[in-house]
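Enquirer: Sequence:
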Amino acid sequence: MKEKNAKSKTAKVKSKSKNAASAENAALVKENAPDTALVVPTDSLNASGVLDAVDSSNAVGDAGPVDGDSAGMPVLPTAEQLGITITAGNAASAGNAAGNAPLSATVGDTINFPVTVSWSVNGSAILVVPTSSANAKGILQLGVSQESSRSVKDGKEMAQITFNYKLVMQDTGNLNIPAMRFEIPTPMGQSLDLRSESVPIRVDAPFNAMPFIAGGVVGVCVLLAALWRMRKRANARATAAAKSAFENALREKMVVLKQRVMVADSREWLLELEGICKEYAFEKFGAAEGTAAGMSADKMPAASAVNLDALVADGKLDGWKPLLEEFAHARYGGGKRDSFENKETWKLAMTLMGVKEDE
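Numbering (the numbering used here), first residue to last: 1031 to 1389.
Hints are computed from structural coordinates only; laboratory data are not their basis. Heads up, a few of these hints could be off.
What the hints assert, rightly or not - The following label-pair restraints were derived from C-beta to C-beta distances:
1. E1371 <-> A1268: 37 to 47 Å
2. K1288 <-> A1343: 39 to 49 Å
3. V1248 <-> S1134: 45 to 55 Å
Stated by the list, open to error - Pairs of lysine to aspartate or glutamate residues, derived as EDC-like cross-links and limited to a Cα-Cα distance of at most 16 Å, are as follows:
4. K1283 <-> E1309
5. K1167 <-> D1234
6. K1366 <-> E1309
7. K1373 <-> E1387
8. K1288 <-> D1388
9. K1373 <-> E1313
10. K1386 <-> D1234
11. K1314 <-> D1348
12. K1386 <-> E1374
13. K1262 <-> D1234
14. K1273 <-> E1304
15. K1283 <-> D1388
16. K1351 <-> D1388
17. K1346 <-> E1309
18. K1167 <-> E1177
19. K1366 <-> D1295
20. K1366 <-> E1387
21. K1377 <-> E1313
22. K1196 <-> D1139
23. K1386 <-> E1277
24. K1373 <-> E1309
25. K1283 <-> D1348
26. K1288 <-> D1139
27. K1314 <-> D1344
28. K1373 <-> E1356
29. K1373 <-> E1277
30. K1366 <-> E1356
31. K1351 <-> E1304
32. K1314 <-> E1374
33. K1262 <-> E1277
34. K1377 <-> E1302
35. K1377 <-> E1282
Just so it is clear, CB atoms sit at the ideal spot from N, CA and C, and this is done for glycine as well.
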């Protein structure tokens, strides 16, 4: 009996020592917990719904205890229960509808993509640790920075941490900025996991103005060439029309002259033929060619200013020498000529000027 009592006392002493050691270790854990770790207020666990969630997770059903209880670890409240929210991208606010617009960029663009974690302060401090990157198909993360701020909303002080991801677009198409993951460490050794939403982004090829500029230049050149051709054709048509009108007028004068060969004075008739030949030379060579010696074109009619002898001497009126001799004889020799001879002179003039009599 004495041995049993002694053993019983020894067991009680060991039990007390073990409990004291456990209390001491718990105090050390509490003392060594970082100030930036999540501190869950007692009231948050007593709030309606949170305590029930914790109690239900600790309850033992027919199937046995919950995994958290079986591991001897307390069940953490969810981020929603603690009032922690996470927002990816520029959220729309009142009067700022741009926040709802889909993201768009161009290949090679570098954009700033913010992810914000917000919570109600209530004396709690939170350490938020990013555990993932924004690298994805067609998207490369260049870096990330963070900034903290506080504000008052609906009478409650709100704190937030914004992580600014610097991303470069490397491919075109409908891409997706992946969901960002974060952890919030707690003194119990567990971490609260947060996850943002994946955000779609449309990436287009860069606008290249060179094809449009080149096309515009080519179009202008084609238009100018078309206008030049149209103008050239119009000038050619005008020239041809003027030439045809002159030839018709010249032919008409020669026909009238032929009809008068039998009745007109031979000298006057030949001088009139010479005037028609000068009109032909003026039309063919211009007013500057063969101006009569001692006279300027502004002192006499343009056609009469033409010097046929000078044109013959320059070789521009080949075969005209016999015709000019007839004109010289009429001008200086005088005397009547037979109408038959004048008709032969008329035929020679028609041939030299290339005028054909209508049949």
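Enquirer: Against this structure, judge whether each hint is valid.
Expert: Cross-check of the supplied hints:
| no. | hint | in the structure |
| --- | --- | --- |
| 1 | E1371 <-> A1268: 37 to 47 Å | 40 Å, holds |
| 2 | K1288 <-> A1343: 39 to 49 Å | 29 Å, violated |
| 3 | V1248 <-> S1134: 45 to 55 Å | 32 Å, violated |
| 4 | K1283 <-> E1309 | 11 Å, holds |
| 5 | K1167 <-> D1234 | 15 Å, holds |
| 6 | K1366 <-> E1309 | 25 Å, violated |
| 7 | K1373 <-> E1387 | 14 Å, holds |
| 8 | K1288 <-> D1388 | 13 Å, holds |
| 9 | K1373 <-> E1313 | 24 Å, violated |
| 10 | K1386 <-> D1234 | 74 Å, violated |
| 11 | K1314 <-> D1348 | 14 Å, holds |
| 12 | K1386 <-> E1374 | 15 Å, holds |
| 13 | K1262 <-> D1234 | 47 Å, violated |
| 14 | K1273 <-> E1304 | 20 Å, violated |
| 15 | K1283 <-> D1388 | 12 Å, holds |
| 16 | K1351 <-> D1388 | 26 Å, violated |
| 17 | K1346 <-> E1309 | 15 Å, holds |
| 18 | K1167 <-> E1177 | 27 Å, violated |
| 19 | K1366 <-> D1295 | 7 Å, holds |
| 20 | K1366 <-> E1387 | 26 Å, violated |
| 21 | K1377 <-> E1313 | 20 Å, violated |
| 22 | K1196 <-> D1139 | 10 Å, holds |
| 23 | K1386 <-> E1277 | 10 Å, holds |
| 24 | K1373 <-> E1309 | 20 Å, violated |
| 25 | K1283 <-> D1348 | 23 Å, violated |
| 26 | K1288 <-> D1139 | 90 Å, violated |
| 27 | K1314 <-> D1344 | 15 Å, holds |
| 28 | K1373 <-> E1356 | 12 Å, holds |
| 29 | K1373 <-> E1277 | 20 Å, violated |
| 30 | K1366 <-> E1356 | 12 Å, holds |
| 31 | K1351 <-> E1304 | 13 Å, holds |
| 32 | K1314 <-> E1374 | 24 Å, violated |
| 33 | K1262 <-> E1277 | 22 Å, violated |
| 34 | K1377 <-> E1302 | 15 Å, holds |
| 35 | K1377 <-> E1282 | 14 Å, holds |
Hint compliance for this structure: hints 2, 3, 6, 9, 10, 13, 14, 16, 18, 20, 21, 24, 25, 26, 29, 32 and 33 are broken, all remaining hints hold.
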